[in-house]
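Novice: One letter stands for each residue in the lines below.
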Amino acid sequence: METIKNYFFADMSVMLGRSMRHVLRSMDTIITVTIMPIAMMLLFVYVLGGAIQSGTDNYVDYLLPGILLIAIANSVGYVSYRLFNDVQRGIFERFNSMPIARSAAIWGHIMTSLVSNLISLTVIIIVALIMGFRSPAGILAWLAVAGILALFTLALAWIAAIAGLSAKSVDGATAIAYPIHFLPLISSAFVPTATMPGPVRAFAENQPVTSIVETIRALLSNQPVGNEIWVALAWCIGIMLVAYIIAMRVYKKQA
Amino acid sequence: MQNSIQVKGLQKSYKQLHVLKGVDFEVEKGSIFALLGSNGTGKTTIVRILSTLLKQDSGNVTVNGFDVLLKPESVRQSISLTGQFAAIDEVLTGRENITMIARLRHLSNPRQVAADLLERIGLTDAADRRASTYSGGMRRRLDIAMSLVGNPPLIFLDEPTTGLDPEARIEFWKIVKELSGNGTTVFLTTQYLEEAEQLADKIAILHEGRIIVSGTFAELKQLFPPTQVEYIEKQPTLEEIFLAIVGKKEK
Numbered sequence: 001m002e003t004i005k006n007y008f009f010a011d012m013s014v015m016l017g018r019s020m021r022h023v024l025r026s027m028d029t030i031i032t033v034t035i036m037p038i039a040m041m042l043l044f045v046y047v048l049g050g051a052i053q054s055g056t057d058n059y060v061d062y063l064l065p066g067i068l069l070i071a072i073a074n075s076v077g078y079v080s081y082r083l084f085n086d087v088q089r090g091i092f093e094r095f096n097s098m099p100i101a102r103s104a105a106i107w108g109h110i111m112t113s114l115v116s117n118l119i120s121l122t123v124i125i126i127v128a129l130i131m132g133f134r135s136p137a138g139i140l141a142w143l144a145v146a147g148i149l150a151l152f153t154l155a156l157a158w159i160a161a162i163a164g165l166s167a168k169s170v171d172g173a174t175a176i177a178y179p180i181h182f183l184p185l186i187s188s189a190f191v192p193t194a195t196m197p198g199p200v201r202a203f204a205e206n207q208p209v210t211s212i213v214e215t216i217r218a219l220l221s222n223q224p225v226g227n228e229i230w231v232a233l234a235w236c237i238g239i240m241l242v243a244y245i246i247a248m249r250v251y252k253k254q255a
Numbered sequence: 001m002q003n004s005i006q007v008k009g010l011q012k013s014y015k016q017l018h019v020l021k022g023v024d025f026e027v028e029k030g031s032i033f034a035l036l037g038s039n040g041t042g043k044t045t046i047v048r049i050l051s052t053l054l055k056q057d058s059g060n061v062t063v064n065g066f067d068v069l070l071k072p073e074s075v076r077q078s079i080s081l082t083g084q085f086a087a088i089d090e091v092l093t094g095r096e097n098i099t100m101i102a103r104l105r106h107l108s109n110p111r112q113v114a115a116d117l118l119e120r121i122g123l124t125d126a127a128d129r130r131a132s133t134y135s136g137g138m139r140r141r142l143d144i145a146m147s148l149v150g151n152p153p154l155i156f157l158d159e160p161t162t163g164l165d166p167e168a169r170i171e172f173w174k175i176v177k178e179l180s181g182n183g184t185t186v187f188l189t190t191q192y193l194e195e196a197e198q199l200a201d202k203i204a205i206l207h208e209g210r211i212i213v214s215g216t217f218a219e220l221k222q223l224f225p226p227t228q229v230e231y232i233e234k235q236p237t238l239e240e241i242f243l244a245i246v247g248k249k250e251k
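Chains U and Z, in that order, are what the protein sequence lines are. Residues 1 to 255 in UniProt numbering are what the first sequence lists, from first letter to last. Residues 1 to 251 in UniProt numbering are what the second sequence lists, from first letter to last.
With the rest of the complex left out, here is chain Z (with noise of 0.2 angstroms):
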């Protein structure tokens, strides 16, 4: 099976600092890859060399079967970037952003595709409010769904939760879910562990400028001593209290 991603011996410095020391690893087509790590260890800085937004030092690095170096403009053809912050504009309305964005990526008919996207993400209600006005929630599945314009066949997700209420992330993961399933690859940053281990097909996890370990979560839990059997009263987490409050609520 072809990659969608495969990088080599990846390095980058800021000046002084060595933040990616040699990083390698490959992302299957149609999985879902997420990269762990703490703040700062690099891992947006790994999500703008694969965009094209920042060049490497050295290293290989290929996205879709294109090198980034030497075919930015195919590789960005076949990509689409959710940043950390919700990239939306707040002055025009939901609609006329993802309207703005199948413009930009020459689609022969932007309206349809936005009232589709729209209905798709839940927010057709909303979508002739200005943006200025959504919740945390909503402004970031506008944010995703900007990025589905035109079907790209592989999404980066830099920290895409970050800053959502429990539900509002719920809601999220079941969109990558059912991208996944529509066979986009999905490249995913994350600091929450469950996250990780919710979506992903494959964890790797960067520390200190290298992937320290990577594979299924499966394959890490071997990595950790063998199951200790032992009975606890499992008490319910704050989440679980409150997902089962607003739950009943809505019901």
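Pulled out of the complex, with its shape left as it was, chain U reads as follows (with noise of 0.2 angstroms):
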């Protein structure tokens, strides 16, 4: 073959400089993956807080796993869009008529998604830690957190993918976003499951969310996680594989 693989990361970060600026000259992006997010938790903590039998002290240290999850969440419709944009409006066969990295433009939608996650999340801690959040954990135990949130990320990320590449219309494309924002909801993110009638709580404790969040807040309150990281990992990874797959098949497909 020829030489042009080594360009990779060099092309990938260029795509990435590229679409960080899409998201942050976007207001309605920063509102979506931050400022909804935060008031999602404040209104949780002021107003139903109050109410909501968590079992913990402080109710922000029980929510804040799930509002970092639904910010993601929240966040990966703007893949699909994004790529939507980019193969209709040509810019993907400009791209892939250059001597560039295949992937690189693919790849450069999800890496960007992991930044601004980064950034969105790292913003949402600071004003939990404002609110009275308080957290045990170590290093190790952030890194771990800090790892599971980015698989996750890139789980969605991925799914998000397939959506925006394979659209006929940008509504097609950020309908993906609707489930994804439900999967929080119907779980232990906001309240525990015992409450739930039977059915829903069967899903709600055999969803990837509940897993997730629950190692998470076992993570940052210096619990033992048992079981439930292995269960989170094999989920997170395996929806990620699966996603990327598809999504790379779909992608090479059209180029």
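It is worth saying that the hints were derived from the structure and are not from the lab. C-beta atoms are modelled at their ideal positions from N, C-alpha and C, and glycine is treated no differently. Treat the hints with care, as some may be off.
Partner residues aside, some chain Z positions facing chain U, computed with beta carbon under 10 angstroms [what the hints assert, rightly or not]: (1) K15; (2) K29; (3) E73; (4) R76; (5) I79; (6) E90; (7) L104; (8) H106; (9) D143; (10) F156.
Two chains, two frames, a set of hints: combine them into the complex.
Specialist: So, in structure tokens, the structure goes:
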């Protein structure tokens, strides 16, 4: 083969720089991925929190992991949206007719999702700290939390990539965001699952978000993570791999 | 003289639709080649195959001496494509758009390249505005500038002036002539016969999946019956009137 591969990282960082500008120049994106989750956190803690029996002294401690996942879930719709626009507006066509690494363009969007979530989650955690969130977790536990959040972001971003690449309209591209938004709501993110009726409870306890939320909560409160962490990792990595393979197949077919 | 493009027996079908049924042509190095045809005849399909975006079903296609199927990366190194719709990033400024392409072409001084090109296409004043604020003509100019990054020896322009106003179109022709003057080979598709007449060294007409005629404009004219001399009053076209009025205003 010809010698193009070694440019992958250089090309990808150009793509990352490009779509980070898209994020930072879009007020809509900043509101959806940062301000909305913060507003939800304020709402749950100061309006609903008093009435919720979470079993912890401080409801914000209980709530934060779920809010972080909601922020990530809110952000992936933009991956579909930006990918769809690139396909439709002919920018991908230009990239594909240039001597650049084939997958750099799509990886650029995925990495943007990772970097922009890193920024918005940091902001959310700072606000939570101001609201009284406290964690006894050490540096290793925080790194583990960061790792799981990164895997969750990648898994959702690759699902969003499939939608963005194969959609026929902008609405179709972003529709993928709705079911993803709902998952954290039907989980133990806001309230313990114990009070939910049978079928809902069964769903809530066996869907990926609950195991991820429980793992992060355990890590942040210095509790043993038990088997939950392996279930969470299996979900994240499994979804990520399947979505990655499908997305790449769709992408290569188009190019 | 070596040819920039060599196409022999090119065929392509989309499912049931047999779009290209054996297309043959060649493009001389440094020339402007215009491919004419109505909408949906397969002009864009040919451009997509030549620029490695699409694989042909059969036939031999060589671009700048490289086979498009065997050496697609080498082809991509030596061409640039300006598609039917301006492929610019509207969120970025004009300068950022060109700098991005220069980085992707791995040039050593992307900022300088951007500054030079902006100057050349007359966008220096608008360089730091977002491309979404540009007019149709400015977008096209930016689009072309992005294709000129790194001076590729062969440039594809797929219906470059569709949707442009007459002034912008003439301005665009000037850029293309300049390019060709510097030795760049230009492959152009268009539905405007006048555009082909103005620009092209060689014209080919694509009809029902085949090139039915090709040659210089003078050669094509000979295919018609001899010129008859008639005396008629020549009315100015609306385009000429428009340009005369607008031109006066600007002076």
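Novice: Taking the hints in turn, state whether each one holds.
Specialist: Do the hints match the structure? See the list:
Annotation: interface hint on Z:K15 violated; nearest CB of chain U at approximately 15 angstroms, more than 10 angstroms. Annotation: interface hint on Z:K29 violated; nearest CB of chain U at approximately 20 angstroms, more than 10 angstroms. The beta carbon of Z:E73 comes within 4 angstroms of a beta carbon in chain U, closer than 10 angstroms, and the hint placing it at the interface holds. Here the hint on Z:R76 is kept, as its CB sits about 4 angstroms from the closest CB of chain U, short of 10 angstroms.
Restraint check, Z:I79 versus chain U: the minimum CB separation of about 7 angstroms is within 10 angstroms; hint holds. The closest approach between the C-beta of Z:E90 and any C-beta of chain U is roughly 8 angstroms, which is under the 10 angstroms cut-off, so the hint is satisfied. This hint holds: Z:L104 has a C-beta 5 angstroms from the nearest C-beta of chain U, less than the 10 angstroms allowed. The beta carbon of Z:H106 comes within 6 angstroms of a beta carbon in chain U, closer than 10 angstroms, and the hint placing it at the interface holds.
Interface restraint check: Z:D143 against chain U, minimum CB-CB distance 9 angstroms, threshold 10 angstroms, status holds. Of the supplied interface hints, the one on Z:F156 holds, with its beta-carbon coming within about 8 angstroms of a beta-carbon of chain U, less than 10 angstroms.
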